[in-house]
Amino acid sequence: SAGWRVTGVEMVREAAEYAHARFGLPVVEGDLLEVGLAPQSFDAITLFDVLEHTFEPAAVLHRAEELLRPGGIVALTLPNWESLDRRLFGKYWVGFDAPRHLSVFPRGVLVGMLEQAGLRVVDNRCLFGGYFTFITSLRTWLRARCPAAARRLEPLIDYPGVRLPFEPFFMLMDRIGAGGIRFIVARKPDSRAAHDQRSAS
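Numbered per this note's numbering, the sequence shown spans residues 1 to 201.
These are calculated hints, taken from the structure and not from any lab test.
A virtual CB, placed ideally from N, CA and C, is assigned to each residue, including glycine.
Please note that the accuracy of each hint is not assured.
[Unchecked claim] Below, simulated DMTMM-like cross-link-like pairs (lysine to aspartate or glutamate); rule was C-alpha separation at most 25 Å, straight line:
#1 K91 x E17
#2 K91 x E52
#3 K91 x E56
#4 K91 x D49
#5 K91 x D158
[Unchecked claim] Just the calculated beta-carbon pair ranges, DEER-fashion:
#6 S41 x R120: 14 to 22 Å
#7 V122 x C146: 40 to 48 Å
#8 A59 x T7: 16 to 24 Å
#9 V162 x E115: 37 to 45 Å
Using the sequences and the hints given, assemble the complete structure.
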């Protein structure tokens, strides 16, 4: 509706068929590393809550770089290793979420992986508010450590509006980089910038 021409990649057939039937979106069924998409055919690629689910995250980033036109961007969201949630809840942190999450990425490791794939990070912050990830970790911790308390507290946690008084706290956590979700944008250098960089070195 915003004027983008889009393509989706989805490994689950039912989800791909639903996206096409419900929204009229062209969705390719399969693995991003294997589907037949033309190199340099996209201006933007989104990997929202994707990378931590992949078996070969470095290869996925290289594939994204290959599919981007010069100057194109890849945008990612993923659990934030530097979050307050991980420090508080340890093995109950939602970012671990085995076996669905296969990897976790400290900030420096992720930036290094993007750079090795030929992408330059242009934005790296916590952006979306961490209430959901914090509460999910809290819920897991309560169920494992205090089942009786969990039964009493979970209806309160889910009560509409209970999150509002805590929003300033989660906004502060985002501001200092300790929010639950990291948001990163990386750009593929355009041809002239890449040439200038090679000439300078």
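| said: Can you confirm whether the C-alpha distance between K91 and E17 stays at or below 25 Å? | reply: violated (36 Å)
| For the pair supplied as a hint, K91 and E52, is the alpha-carbon distance within the 25 Å limit? | Holds: K91 and E52 sit about 16 Å apart, inside 25 Å.
| Given the proposed pairing of K91 with D158, does the C-alpha separation stay at or below 25 Å? | holds (23 Å)
| request: Given the range 14 to 22 Å, decide if the beta-carbon distance of S41 to R120 lies inside it. | output: holds (20 Å)
| query | Do the alpha carbons of K91 and D49 lie within 25 Å of each other, as the hint requires? | reply | Answer holds: K91 to D49 is near 19 Å, not above 25 Å.
| field | Consistency of beta-carbon spacing, T7 to A59, with hint 16 to 24 Å | value | Because 19 Å falls inside the window, the suggested range holds.
| query | Okay, V122 versus C146 on CB: inside 40 to 48 Å? | reply | Given range 40 to 48 Å: holds, Cβ gap about 43 Å.
| task | Could you check the hint for me, namely that V162 and E115 are 37 to 45 Å apart, CB to CB? | result | holds (41 Å)
| Are the Cα positions of K91 and E56 separated by 25 Å at most? | Holds. K91 to E56 sits at ~23 Å (cutoff 25 Å).
Hint 1 alone, counting from the list given before, is not met by this structure.
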